[in-house]
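Novice: Here the protein sequences line up with chains H and P, keeping their order.
Residue 82 in full-length UniProt numbering sits at position 82 of the first sequence; the count goes up by one each step and never skips.
Residue 299 in full-length UniProt numbering sits at position 299 of the second sequence; the count goes up by one each step and never skips.
Hint data in this document are derived by calculation from the structure and do not stem from the laboratory.
A couple of the hints might just be wrong.
[As the list claims (entries may be wrong)] 35 Å max Cα-Cα, derived DSBU-like pairs, lysine-lysine:
id, chain 1, residue 1, chain 2, residue 2
1, H, Lys-51, H, Lys-192
2, P, Lys-187, H, Lys-264
3, H, Lys-24, H, Lys-433
4, H, Lys-181, H, Lys-51
5, P, Lys-152, H, Lys-371
6, H, Lys-181, H, Lys-192
7, P, Lys-210, H, Lys-269
8, H, Lys-24, H, Lys-371
9, H, Lys-118, H, Lys-192
10, H, Lys-329, P, Lys-187
11, H, Lys-329, P, Lys-210
12, H, Lys-326, P, Lys-187
13, H, Lys-433, P, Lys-131
14, H, Lys-433, P, Lys-210
15, P, Lys-205, H, Lys-415
One letter stands for each residue in the lines below.
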Amino acid sequence: MAENNSLLACRGICKQFGGIPVLKSVDLDIGPGEVHALMGENGAGKSTVIKIITGVYAMDEGQIFIDGAPAAIACRQDARERGISVIYQELSLFPALDVTENVFIGQELSRYGLTRKKEMRRRVRALIDKYGFDLDPAAVVGSMGMAQRQMVEILKALSMDARLIIMDEPTASLSASETEKLFETIDSLRKKGTSILYISHRLEEIYRLADRLTVMRDGENVGVLTRDEITPQKVTAMMIGHELKEDKNRERRHRFEGNRLEVKGLWYKDLLRDVSFTAYGGEILGIGGLVGSGRTELIRCVYGAARPSRGEIALNGRPVSRSVGKNIKAGFGLVPEDRRGEGFVPLLSIEKNLAAASYDRLASFGFVSRKKEVAFATEAIRSYDIRPPVRQLPVGNLSGGNQQKVVLGRWLSRKPRVLLLDEPTAGVDVGVKHELYHYMRALALSGSIVVMVSSDLEELTRVSDRILVMYGGRFFEEFEHEKATQSAVLLAASGQHTGEGAAL
Amino acid sequence: MKKVIGFLGNPWGQRLTILVIIAVVMAVFQQNFFRPSNFSSILLAISLYGIMACGMLFVVLLGGIDLSVGSMAAMTASILAMSAQSSGYTAAGFITGVLLGLAACVAVGIVHGVLVTYFAIPAFVVTLATKYIVYGLVLLVTGGHFVQIIDKGILYQLGNARLFGAIPMPEVIFILYAVLCAVILGKTVFGRRLYATGGNPVASKLVGVKTNGTVLVSYVICSISAGIGGMILASMNMQAGPTTAGGYEGNVLTAMVVGGLNLAGGEGGVVGAIFGALLVGIINNMLILLGVPSDYTTFVQGVIIIAAVSLNMYTSRRSQGLTRRRTKKPPEKIPVTR
Numbered sequence: 001m002a003e004n005n006s007l008l009a010c011r012g013i014c015k016q017f018g019g020i021p022v023l024k025s026v027d028l029d030i031g032p033g034e035v036h037a038l039m040g041e042n043g044a045g046k047s048t049v050i051k052i053i054t055g056v057y058a059m060d061e062g063q064i065f066i067d068g069a070p071a072a073i074a075c076r077q078d079a080r081e082r083g084i085s086v087i088y089q090e091l092s093l094f095p096a097l098d099v100t101e102n103v104f105i106g107q108e109l110s111r112y113g114l115t116r117k118k119e120m121r122r123r124v125r126a127l128i129d130k131y132g133f134d135l136d137p138a139a140v141v142g143s144m145g146m147a148q149r150q151m152v153e154i155l156k157a158l159s160m161d162a163r164l165i166i167m168d169e170p171t172a173s174l175s176a177s178e179t180e181k182l183f184e185t186i187d188s189l190r191k192k193g194t195s196i197l198y199i200s201h202r203l204e205e206i207y208r209l210a211d212r213l214t215v216m217r218d219g220e221n222v223g224v225l226t227r228d229e230i231t232p233q234k235v236t237a238m239m240i241g242h243e244l245k246e247d248k249n250r251e252r253r254h255r256f257e258g259n260r261l262e263v264k265g266l267w268y269k270d271l272l273r274d275v276s277f278t279a280y281g282g283e284i285l286g287i288g289g290l291v292g293s294g295r296t297e298l299i300r301c302v303y304g305a306a307r308p309s310r311g312e313i314a315l316n317g318r319p320v321s322r323s324v325g326k327n328i329k330a331g332f333g334l335v336p337e338d339r340r341g342e343g344f345v346p347l348l349s350i351e352k353n354l355a356a357a358s359y360d361r362l363a364s365f366g367f368v369s370r371k372k373e374v375a376f377a378t379e380a381i382r383s384y385d386i387r388p389p390v391r392q393l394p395v396g397n398l399s400g401g402n403q404q405k406v407v408l409g410r411w412l413s414r415k416p417r418v419l420l421l422d423e424p425t426a427g428v429d430v431g432v433k434h435e436l437y438h439y440m441r442a443l444a445l446s447g448s449i450v451v452m453v454s455s456d457l458e459e460l461t462r463v464s465d466r467i468l469v470m471y472g473g474r475f476f477e478e479f480e481h482e483k484a485t486q487s488a489v490l491l492a493a494s495g496q497h498t499g500e501g502a503a504l
Numbered sequence: 001m002k003k004v005i006g007f008l009g010n011p012w013g014q015r016l017t018i019l020v021i022i023a024v025v026m027a028v029f030q031q032n033f034f035r036p037s038n039f040s041s042i043l044l045a046i047s048l049y050g051i052m053a054c055g056m057l058f059v060v061l062l063g064g065i066d067l068s069v070g071s072m073a074a075m076t077a078s079i080l081a082m083s084a085q086s087s088g089y090t091a092a093g094f095i096t097g098v099l100l101g102l103a104a105c106v107a108v109g110i111v112h113g114v115l116v117t118y119f120a121i122p123a124f125v126v127t128l129a130t131k132y133i134v135y136g137l138v139l140l141v142t143g144g145h146f147v148q149i150i151d152k153g154i155l156y157q158l159g160n161a162r163l164f165g166a167i168p169m170p171e172v173i174f175i176l177y178a179v180l181c182a183v184i185l186g187k188t189v190f191g192r193r194l195y196a197t198g199g200n201p202v203a204s205k206l207v208g209v210k211t212n213g214t215v216l217v218s219y220v221i222c223s224i225s226a227g228i229g230g231m232i233l234a235s236m237n238m239q240a241g242p243t244t245a246g247g248y249e250g251n252v253l254t255a256m257v258v259g260g261l262n263l264a265g266g267e268g269g270v271v272g273a274i275f276g277a278l279l280v281g282i283i284n285n286m287l288i289l290l291g292v293p294s295d296y297t298t299f300v301q302g303v304i305i306i307a308a309v310s311l312n313m314y315t316s317r318r319s320q321g322l323t324r325r326r327t328k329k330p331p332e333k334i335p336v337t338r
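Looking at chain P on its own, in the form it has when it is part of the complex (with noise of 0.2 Å):
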């Protein structure tokens, strides 16, 4: 018994598990799900949510949070529109796009991390603001109206071609930017110095880290991953507005809660973002191959979040010796006077 507590207070353990879990249930009631064109829909489908929550995980690593990613993609995907329409679809209007869209997520990075961390606010009441702010900025400048795309070049391709003919761009931009997220937290100083002042950062400063930069910079990456998932959701949509991924942030957060990462900060990793992704993707596609109606999945997420979590927090608890007994007294340790 131990051992299965351990195991599955491992986050392998239970990654593992689940997806063994989902492969029996699958594999009695729907064999389709098991053929590759199937796993090829689900990976497409987690493309845009594995891209933002690469990008959520810098933020959350911190003990933070980003509630305007949503918002954010709306507002590159409405960019990156309109500029492709009103240039008449050219490659310089694609790439003036492209700049001005990623401009506009730094923008709003800066001022998530000054306001976090000069100014002290929480992030949650920060980006809560920005999601009506940026929101608010794509209604006027849109009229409220999607920007329709009807051409097939340069733009339809970002979200539309395929690699070799097989693999769809979305699905390698998402390869592609996971690497480097897990190259940036996984081999730099940068990276070092995240997970230090995620896990505690008085100590961090007192060891030379610019706390304030490092978080700084983490919340303009979180809105870059934003910005980047809204244009490819605006080129594979062939129309962009203001409700152009709305709602990803509770998606993404998701994802983040049902892979395993704590939100306190200090721990987690790519892996970890992306499962939860998978995750999201997997259980929502099976739930389209059970013939399970479109309404219950949205009530099926919730549930998902609770289950996600309860294990995780059940499993760490027993596998780290501790139990919910409070009968028990604490061991009583020499006390340190001061």
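So that you can see chain H by itself, here it is in the shape it has in the complex (with noise of 0.2 Å):
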């Protein structure tokens, strides 16, 4: 049997939410001393396969073997006493606090009901030393980077004798030199024999640091590659699998090139590097890339809530303001992708959010006219099926499809001339997703202009009429709609080109 090598054997775990199957039968092998690499697209189960095993979900079927004998995993302190650590994307540390008390925050040493400062001190000192980190005990964390504040992470796990660290995307945060610093620290975890199950999307991340790879594929382990037998195109293969070949070949959308969309040379921090697109109104223009490509960045200088540094934006040849209320007049919209954080007022009513970006219309001299008001989130309560029809109720207490449905109402109602999408079908479920395209193609056949940022493959290549994908900052390949394959776009979105679309 496999698990008696193993430090850690998952077999056949089933996890179902709500009569849907989101884990069916999912083995893992991570050997002692291993780089484990999990892989996946969203939605393929990767985090429910962390959570049991960490003891956060507890497992409808399998069996957890460490070191080849069956352990069960029922809270978080079982995994912690079986020495399962996870270092979490949002840090969980006291920046007021230094290495130290962080590494011993709820465990500390006393005496006479004293802490013992020396004595922590010194074993935090014994445990860098003996991993090689670059890292001081009485060093306050909140004068850290985010890649010191991983290491007292993973110092903190170290020191509860952890045997096997999850890191989830934990480069996400992290600068070039950071995330080197990060491999760094992973190669000598190795070497002194802790296991990493590390969880990724970005490719080179991969090949630089793992041992072995498991993808998964909706719930599923598809398969096991071992280090040499690692490439891109065998991943993203696995990661997508068979490619439904539907409507690829549907009618040529007409492009208003009256309406159209430039943007010239654009710079922002360090997150665009000039970038040039021209959109136009009648397509729906899909931009693709990894979180942290510059996708969101690039949406939001566009719309007028970033500043770019560098750069030009027009709109059929006009500039396009730095303000958001000037552009919301010229008919710009933005759906954002935070969509609780910044995409409506929770405690205001479905009415009230509806209106917020249209007084100019719906008020003269300041004053709101409430028909006009009452009209105006009528006819989109009832345009855009928003359920419960009830205009006075507060947004907070809707469905996430339901709370989408205001945000984008809220501009489709106002027919804008650029619709501008921030992954605009996150956690919304497949009924009402397919409204929402149905809303976003019925405005581009009007005639707007419409760019939508998605990390959902699928969505992208069915809906996109157009693809730009985005690596390190800048756009590295076109697709057309009848040549996207969720797979070209994932290895473009990898900085790995296939000849499929346009290098950019």
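Dock chain to chain to rebuild the complex, using the hints, since each chain is given by itself in its own frame.
Specialist: Next up, the structure:
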């Protein structure tokens, strides 16, 4: 049996949420001192697996073995006692405390009710020396960079005798040099025999680190690759599986050349490097790429919500303002990525959230026309089938899909000339998704420019008429709808040309 | 039982319940409470708090606070009294005093707004500081003494005249001011933007709201309200000085809390603010009528704050189906990975 030489072995793990199977008999083996990568598209079930291993969720079926012996992990404490630790993306450190205090938080050594600071420092120092970290036990965490904070998190795990450290997208908030530092840390952990389960969307990181790679798709384990078997083509093929060839020859969309958004040479911090593109009325322009590739920043710069350091943005030859208010009046709209945080006001009613961007039309001399406001909201609720259709209901009480309909409806009711969407269907159920696509398409058909940023490859390749893929702050490849396959887009997002699209 | 909790979780249900409890208590112990003249005196007593509470409401809706309202009231009261006195109680002196007082309020309000928005200093800290700064300035200018008003002209009329010989001027001003604030909050674009900004500033920015401007204007409105309260108080007392309106910020904030306003911002209205002021006034009146020594009223005010907030928190939680049972695990949702 494989689990005999594995540190952790999972066999046939199944999990359902509300009757929907999320994991269908997943196997996972992690050897001692191995860096094991886990990849899969959004929604493939990676996070659920981690939560089961760490005792956050209970599995419906299956078994977990540790050192070959069956192990029951019912809660977080169980996982910790068996040497399994997670490094969270949103680090759970206390910025005002120093490294030692953070490492020992909740398990402080004490004598006569007083903490034994010297002893704790000594132990942290010993751990730091053992793994060769570049850390000072007395340094205050708040003054550290993200990479060092991650080291503190790792140290915390090691202080609890962790044998398996799980890292979920640990490089998402790191710069290139910090990433390299993290990789060195991981290398030294591996040398000392600590296993790592490493989850990432970035192929280049997987090459750099992984001894083995498990690929998941739709809640299933689709295969395990050893170090020399990992190639971009193989990995993307496994992640995506058989693509449905549907509707690729649909009729060519009519482009309204008269409605044109032009972006030239855009720079923003170190996130956008000389980005240029043109979007036309009548088409849905998809923007693909990994999280952090600069997509969100790009559309925020266009909208006026972020200030680019250089570059030109023009709508039909006229420069676009740097003020959100003016741009809205000129026909722009933005559906932001973080719906609850940026999309709507939870306490306010459906009616007021819908009308929020349209008081230029619903008021005169600063006074709101109640009649127009009610008519505007009623019409939007009816047109976009917002449920329940009660104007006065706070949007915070609606389902995710209906919240998104409110955010989208706010703009659609204005018949915008340019609608920018950032992950428009994240966290929305399938039925509502298709409704949203339908509204987006209808808007494009009426001649408006629709730009959609999406991480959902199926959505991107199905809905977009043209796809621009970003990689490292610039456009990497452009695909026409007919040529856009999920695997080609995914490869482009990882910085690999396939020849399907046009290199940029 | 569910219906009862639902009723109590509703702000109107709570208000009605509290009023009924008070009415029952007073019907048993002190029927004088129900005399029209008593209601009139309650209304007069709360006029000042009411005006200042209406202003504070703008700031509280944004999740802010203004601790300096008492000091600002003392400032405008002193400015008005000194201006009137030095001009020999002419109408021109009165008008100058009013304008100077309001200008000073606007200035303080702008300082508040700028520090809170552009410098991102917490409103609590900013207004705590200006409370002392403004009070200190009043001490310096007045030399720590009261400015006595010895003329029964226009300045006296402001706080003591009766409209149609029946309704005291402060009540008239209060009612007009409350209506004005209700209109601004409920009928104008500015009002819509204020609620939006209070509820979610980031989302508001993305729909084109100039949130910093909204915050700044709100602090100015709060300052002006405090100033108007101070001027009326000067006229009612026929004197003004550093201790005029001393501790009023406490009463105004009590009105906010007791009125069921969410101090985190985003919800509530003029009705809540006024109801809060009214309740504080009624309870003070009740204690007097019941013969409770005045030394107890401050103590009781503190107890009322806790009681009102506890009731509010408890019922609104219960009516939303939230309970305090901790052992129950939250329902597992389908996780969204990104």
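Novice: Each hint: holds or not?
Specialist: Now the hints, each set against the structure:
| no. | hint | in the structure |
| --- | --- | --- |
| 1 | H:Lys-51 to H:Lys-192 | holds, 26 Å |
| 2 | P:Lys-187 to H:Lys-264 | violated, 43 Å |
| 3 | H:Lys-24 to H:Lys-433 | holds, 24 Å |
| 4 | H:Lys-181 to H:Lys-51 | holds, 27 Å |
| 5 | P:Lys-152 to H:Lys-371 | violated, 49 Å |
| 6 | H:Lys-181 to H:Lys-192 | holds, 17 Å |
| 7 | P:Lys-210 to H:Lys-269 | holds, 24 Å |
| 8 | H:Lys-24 to H:Lys-371 | violated, 53 Å |
| 9 | H:Lys-118 to H:Lys-192 | holds, 26 Å |
| 10 | H:Lys-329 to P:Lys-187 | holds, 21 Å |
| 11 | H:Lys-329 to P:Lys-210 | holds, 14 Å |
| 12 | H:Lys-326 to P:Lys-187 | holds, 23 Å |
| 13 | H:Lys-433 to P:Lys-131 | violated, 53 Å |
| 14 | H:Lys-433 to P:Lys-210 | holds, 32 Å |
| 15 | P:Lys-205 to H:Lys-415 | holds, 20 Å |
Figure legend: structure checked against the earlier numbered hints; hints not met, in rising order: 2, 5, 8, 13.
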